[in-house]
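Peer 1: Sequence:
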Amino acid sequence: MDRRNLEDRAKDGLETRREVLGAEYVDQAMAVVDEFNREFAELLNTYCWNDIWNRPGLDRKTRSMLNLAMLTALNRGPELKLHVNGALNNGLSKEQIREVFLQAAIYCGVPAAVEAFRTAREVFKERGV
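Take any residue in the sequence shown, count from 1 to its spot, add 17: that is its number in this note's numbering.
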C-alpha cells in the first residue's frame with residue numbers, strides 16, 4: 018500500500034491516468050472539475066490511478082485486459098471505449114483486444130461482446146489502427 022501523502026499520490030495518479038487514457042482526454046476531464054465533483058476527481062486520481070494502477074502485482078497491459086473484460090461484462094460502453102484507447106496506449110494489439118472480447122463472449126454473453134466489438138472497431142477506425 019502506498020503510504021505517501023495524498024498530494025503526492027494524486028499527482029502520480031494523474032500522471033498515470035494521462036499516460037493510459039491520453040493527456041488530451043484527461044486534461045478535458047480535469048478542466049470541468051468544480052466544487053461538486055472535486056472530491057470524486059481526487060478519489061479517481063489518488064486511489065484508482067495511483068493506489069491501484071501503480072501497484073507492482075500486475076503490469077499495465079494486464080490491468081487493461083481486466084478492465085476491458087469487466088467493462089464488457091457490465092456493458093459500460095463509454096467507459097469501454099475509453100479503456101480500448103487505454104489498452105492500445107498500454108501496448109495491447111488489436112488481436113489481444115479481440116481475444117479479451119471472445120473470452121468475455123463466453124463468460125459474459127454474446128450481447129455484451131457484440132457491443133464490445135462494435136466499440137473497439139469504432140476506436141480502431143478513429144485511431145487508424
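Hints are computed from structural coordinates only; laboratory data are not their basis.
Please note that the accuracy of each hint is not assured.
Unchecked claim - Simulated pairs of lysine-lysine, DSS-like, Cα-Cα distance not exceeding 30 Å:
hint	residue 1	residue 2
1	142	78
2	111	78
3	111	98
4	28	78
5	98	142
6	142	111
7	28	98
8	98	78
What the hints assert, rightly or not - Computed spacing ranges between beta-carbons, pair by pair:
hint	residue 1	residue 2	range
9	25	126	35 to 43 Å
10	22	74	18 to 26 Å
11	116	51	19 to 27 Å
12	32	52	42 to 50 Å
Ideal placement from N, C-alpha and C gives every residue a C-beta, glycine not left out.
Peer 1: Decide, hint by hint, whether the structure agrees.
Peer 2: So, going through the hints one by one against the coordinates:
1. 142 / 78: 21 Å, holds
2. 111 / 78: Answer holds: residue 111 to residue 78 is near 13 Å, not above 30 Å.
3. 111 / 98: 14 Å, holds
4. 28 / 78: Measuring from Cα to Cα gives roughly 22 Å; hence the hint holds.
5. 98 / 142: 12 Å, holds
6. 142 / 111: Judged against 30 Å, a Cα distance of about 12 Å means the pair holds.
7. 28 / 98: 25 Å, holds
8. 98 / 78: 16 Å, holds
9. 25 / 126: 35 to 43 Å: 42 Å, holds
10. 22 / 74: 18 to 26 Å: About 23 Å separates the Cβ atoms of residue 22 and residue 74, which means 18 to 26 Å holds.
11. 116 / 51: 19 to 27 Å: 40 Å, violated
12. 32 / 52: 42 to 50 Å: 24 Å, violated
Hints 11, 12 from the list above are not met by this structure, while the remaining hints are.
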